[in-house]
Structure formats: C-alpha cells, structure tokens
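Colleague: Now for the letters of each chain:
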Amino acid sequence: MSLRILAAGCVLLFATGALADQPSVQVQPPDLQGSRPLEKQTAAAVVRDYLESWQKFRAALDQNQAALLDPDFVGTARTKLASAIGEQAKLGIHTHYQDESHKLQIVFYSPDGLSIQMIDNVEYDQQVLDRDRVLATQHVKTRYVVVMTPAEVRWKVRVFEATPE
Amino acid sequence: MTLPQTVTAGSAFSVPTSGSGPAVLYIVGPDQALRRDVQLGNPVSIAAGDLYNAGEYLAIIVAGSSSSSGELEVTPAPHPDTLSFLATPSRVPVGLHNGINGAVYVFDAYHNLIVTPMPVSFELSGSSGPSQARTITTSHGVAWTEIDSASKQGSAKFIAQAGGIATTRVIDEVPGDPCGLTISAQPDGAKLRVQTALVRDCSGNPIPDGTIVTFTENYNGAQTTADVPIKKDIAQIDMPAYSGATISVASGVVAGNEIRWGGGR
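Residue numbers (my numbering), protein chains in the order written: chain Y, 63 to 227; chain R, 2 to 266.
These are calculated hints, taken from the structure and not from any lab test.
Keep in mind that a hint or two might mislead.
To spell it out: a stretch of chain R is covered by chain Y in this simulated footprint if at least three of its residues, at any positions, have a beta carbon under 8 Å from a beta carbon of chain Y; those stretches are [unchecked claim]:
{"no.": "1", "segment": "24–32"}
{"no.": "2", "segment": "47–56"}
{"no.": "3", "segment": "161–167"}
{"no.": "4", "segment": "216–228"}
{"no.": "5", "segment": "231–244"}
Owing to the predicted nature of the structure, the values given are computational and were not obtained by experimental measurement.
The C-beta atom is built at its ideal place from N, Cα and C for all residues, glycine as well.
Chain R on its own, in the form it takes in the complex (with noise of 0.2 Å):
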C-alpha cells in the first residue's frame, strides 16, 4: 500500500496496493472512520467527499490474518466557507477607543479550521462618518481586532470577510455620558420647577428618554432626592422652594452643576 503524505479535505485520491486477493481497506482517525473492500493488486478510490474531516488517520489494510498500515494526513480544503464572527458588544457608547473587537475563525465546507495563514478584511461602518477598515492576516486559524466606535450614535455594520466569504454583525451604538449636565430652576407658586438644559452626551448626541437624572435637594441638614428619567431629552421635577436649599443634578456616574435657591445661582 502506498499512501499519499497528505490530502485535501474532501478530495479524491487512490491508494495504490499490491498483492492479490480480497482484504479491506480502512481509515481510522479520531473524527472519521472509512473501510473499503479491496483487490489488492488494484488501486482504492476513495472519492471526492468521503474522506473530509482534517487530521491524523491510520490506513490498514487487512487481508485475512496479515495487515500493513501507515499513516495519512488529511488537511483543510483551502478556501474557507464559513466564518466563525464573534463581535463584541453588541451595543456600545459612541466614542469609545478600540470599544468594539471581533474574532474571527475561518472554518472550510466541511468545518475544519483552516490554519494556513490568510488575510480577514474587517470593516465598520456607520449611519455617519467615514467607514473604518483593516486587515489581519490569521494566525493559527483566527484573526482578531479592535476597532473605535462612532462619534454619533446609530446601527453600524461590522463585516468581516475572508476569501470572498462575508459575516455582517450589527452594533448598536448609543450615546454615552450625559456630558455638561445643568440645571436651572424656577419658582412655581410653593415650589420649585426644576429642569435640565438638553442632554447631551460630550459628541452631542441626545441621551435616550428614560435615562435617570437624580436630583437632590439639602436644606437645613435634609436631603431630598428623586430619580426622574429623562423626557424628550430633559429631566424635570417640582421641589419644595426652600430659601437657602442646595440642589444639585447627576446621571450616572456623570455629576452635573449644582444651585442654590434665594442666594443666587
């Protein structure tokens, strides 16, 4: 029996034997296992498709009490099929430095990862702005990057490709921060009206209705608060209208200015 040193995935390829009579042919690795009945003396045909999964196999032929064997290596079909897209986040802050990565494994039709090295295309592309876009050669079979989120916030695609196959994901991005967070207020009979100016994250970008805004009001040694989420990109509330009272606004971590009632601003 002669073998080939290795073949492709899913390729055609005769094994060449010699003798006579009948025995049987198999080959045996840790993911596929084949037998052919033979005439030795003729050469084996495996055909196109039968022997497919990548990795180390043992051929044996057995013919009667006597068997010879050796070994065959069958490697990944070189274009790839599939692409294994792994993209993260799927919802990100706009402006965020390397704030989206994805990976990439490039598997073949028969889902062996191809090893040998090969360009992935990464592209990111917005409703606004310029696209961005790389290129990673793999290694080992997978290819990674890190890519900045947008400045305005929308759905972008992240689309990589590799050997004319393409796997789009979609990103959310959304605003970040609220950004210069102020308040202003008015007097409203016994009370105080309350109200944020815009909210903006810092590329000015309107913070989603329902974010909570917190406002907290001290007087006298007490503390009044309340979580207000946001409407129509303002926040706003009634407070008791306290001569001297300090009230002050935040969103998240993000702090924002602070007033204080009858002594000015």
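Next comes chain Y alone, as it looks inside the complex (with noise of 0.2 Å):
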C-alpha cells in the first residue's frame, strides 16, 4: 500500500507498494472540540487506519466478502456495510469504489479518549457491476463523517455516514 499524504504542502510518501491507484491525501490541521489534547502520534495512527480501511471497504463491496471488513470496521458501520454487501450478492452485483483523493480533518476527540472523529471530503469512483458488465459509473465527491474508536491494536471505524456537503 501507498499512501500520498499532502500536509502543510509537504508531500510524504509511505512507501509501501506501487502508487498506481492510490488515493492523494491531503490531511488538514485538525479543529478540535474536546478538552483532550491530541498526539501527533494518535492523529497521525488516526489518519492510517482510516485509510487502510478504505482499502478493505473497496475489497469487501466489490467482491462481496463482509469478513473482509472486520479487522477495520465495528459496530453500526460494520453493521450497515455488511448488509449491504449481503443485498449485493442476493441481487448479483457488486460494487467497485476507487477512492481517488481525502481531504481529512480531525475534528472531535472526547475527553475520554475513546472516540475520534473526523471529516473526510472524498472524492471517489464508483462502479456497479452484474457479474462483469457495468452498469453505471458515477464520480462521486461527498464529505464523510467518520468516528473511530481505539481496538485492540488499532483505530476502527464504528461510523462511516457521507452526509450534505
């Protein structure tokens, strides 16, 4: 995995594979509510899980395996995703999203510790297949409401809701 981080104008690459299909990624300073100060190490764990769960969300709706979503994804995300990938292949079809650019911003950390949650203006491709025939592609840009909260290991995403921009 690749990721392209664009911060403060700097570009940092994770070099972690090819760059080819990876999403640029722009993460913004965050405007917190909350009387918890926040690390740059847990914003910067924040930021990679979320975008590490994009890439099971891809790999999950497109070929239809909700198991795919559970190292990444709990509670009523979870929960609504694999529904939907449930629907999916009773209908026969499946979903390819290509994420193409985030925008992150990190905009609530609760005084606990336990939930974090953020914003992402996204911009992505998504295309509905019958087995191997397109349907429909669309160009999406939405904005995502996301709230994660701390497993084991790692941050996963328990609300993952685009809303109006």
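Dock chain to chain to rebuild the complex, using the hints, since each chain is given by itself in its own frame.
Modeller: As structure tokens, this is what we get:
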C-alpha cells in the first residue's frame, strides 16, 4: 500500500507498495472540539488506520466478502456495510469503489479518549457491475463523517456516513 | 429517470421514468442495495422504510442492454431516536473541577448520525445540592461537556437529552483524599495506642472503611511501618512505646501530623 499524504504543502510518501490506484491524501490541522489534547502520534495512527479501512471497504464491496471488513470496521459501520454486501450478493451485483482523494480533518476527540471524529472530503468513482457487466459508473464527491474508536491494536471505524457537504 | 436530489432516510418517494417496456431499477450505495422491477413510463415507488441508510447512492435503470443512472442522496431523519452517551468516569471524587465529562452522538431511528446541529441538554443531579445543567449544540452530530463533581458523596444522575430522547448514566461521587489527617497516642502498658481522628475529606465526607492509613514509627535509626484499614471512620494500631520515638501518619499521597512520644507532641 502507498499513500500520498499532503500536509501543510508537503508531500509525504509512505512507500509500502505501488503508487498506482492510490488516492492522494491531504491532512488538514485538527479543528478540535473536546478538552483532550490530541497527540501527533494519535492523529497519525487514526489517519493511517482510516485510510487502510478504505482498502478493506473497497475489497469487501467488490468481492461481496463481509469478513474483509472485520479488521477495520465495528459497530454500526460494520453492520451496515455487511448488510449492503449481503444485499449485493443476493442481487447478483458488486460495486467497485476507487477513491481518488481524501481531505481529512479531525474535529473531535472525546475527553475520555474513546472516540475520534473526522471529516473526509472524498472523491471516488463508484462502478456497479452485474457480474462482469458494468451497469453504471459515477464520479462522487462527498463528505464522510467518520467516528473511530480504539480497539486492541488499532483504531476502527464505528460510524461511516456520507453527509451533505 | 428523474431522481429527487435528496431523500430523508426511511421516507417514501417515487422515481418517474420515461420510455416503455420492462426494466430494473437498482439503488446502490455503500450501506444498502435495492432492486425493483419497473415498467418504463410509470413511476417507481420506494415505500417508507425501504431506503433508510444515509449516504450517497447510485440509481441505475437497466433496460435490456442500455442503462441510465444518477446520484441520490439520503439524509438522516431529523428526529433523534438514540443517544449514544459516553459519560466518564463512573466513579469520581467529590469537588473535582470538570471532573465528569459526557459526549453524546445523536442518531435517528435507523442509526444514522444526525449531523444537523441540534441542542443537547446535559444535567447532573445528585442526592444533595443543586443540579448543574447546560445546553450544547451538536457539531457534526456530537455534543460534549465537562461538569464539576458535587461536594457531597452519593450517586448522581447524569442525563443527556435531545429531541425528547433522554439517556441517563449514574456517576458514583465518592469522597476525595483525606483532609487534615491527625493522630494522637495513648499509653497502653508497654505499647502506644495510636489512633487517627475521624478521617474526612475536605468537604467533610467520611473516607470509606477499608481505605489504608500508613503509620510510621522512627526510633533510634530503625523504622516500623504498618498499613491499617479505616474502620468506622478511624484507623488505630498499637506500636512500641519508645521514649523519643516519632510517629507519623499518611494515607495515599496525603501526609498527616507527626508526634514524638516522651518528648511531647
């Protein structure tokens, strides 16, 4: 996996694989609610884990494999995505999502440290396929509200919701 | 196909279509996928409760080998149904400034996060003293606050309320650290009976039985230490009665007074 991270005008390369198909990522300084200070390491971990969750999301919706969500999604987010995967499988369709860019900003860190909320202004292509036949392709520009909670070794996505910009 | 720009989660709507013949309508998003058989030229009805997860959807009409598509946005229902209320800690010392915090995420009946700003009221009421209340407007679906713990121990109800939905958490307000910890000593044969005064916190709440009080006796370069649990508001112990010994007391991070036996207090 490679991630192109744009922060404060800098381009940071995370060299973990090929650059092709990888989204550009811009991380804006936190605009934080909450009294708890946000350490840089925590912010970096949240962003890293969220971007990894997109990879699992893409694979799960493309292959109709809900189990692929398990490392990265919990609670409501996992339940809804898994439900959609079940419906896709029943209808004989699958969806290919390709995220092109993420503009991320952390907006809330709960005082107890048990949830972080982030806004992701994301652009992606959505392609719906009936087996191998492409039914439609759409370029989507939207804003996701994401709530992440800490698990044993990583932050997991608990709320993953596209909202009006 | 003419799509509504936005649809409220769980609401009924219809999609007018043009043309003729049979076709299939798909509505596909990350959280839901629907299919309806349609007759082109007739509107397609989506019943209340059928499309209920907020998000961006792609609506596609497939007729034979041709298809047309458009975007559809589903927004959360405006009325709260569930408050995810995280209140911490569950046990807090009395008299602590901003010692209790609460964060509320507001969801509709379909577990969509309601991101439209709305007021959330927080109220902390204990067994004694006035309640503390404040109203915070949500930002991106979340509201949070910090509140002082009361000066008297007891169970407090921490209530969050939005749109007629209330959620309660119970906070156990417990005594703080001992305040003004003092000991006295009385001879008892070859020993000294060392005893604390009533152990209270700075608000006058009794420190719970079982809290450890540490007595330390120093005499002639040797040190004797004893940990004693509070029982019925006091801690006491018998220690060797060495003339010139000093005896001190502490509990947790709080140090009390020191007495010198045989040399006066």
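Colleague: Does each hint fit the structure? Answer for all of them.
Modeller: Evaluated hints:
1. 24–32: holds (count 5)
2. 47–56: holds (count 3)
3. 161–167: violated (count 0)
4. 216–228: Coverage by chain Y is violated here, the residue count being 0 at a Cβ distance below 8 Å.
5. 231–244: violated (count 0)
Going down the numbered hints, you'll see the structure goes against 3, 4, 5, while the others check out.
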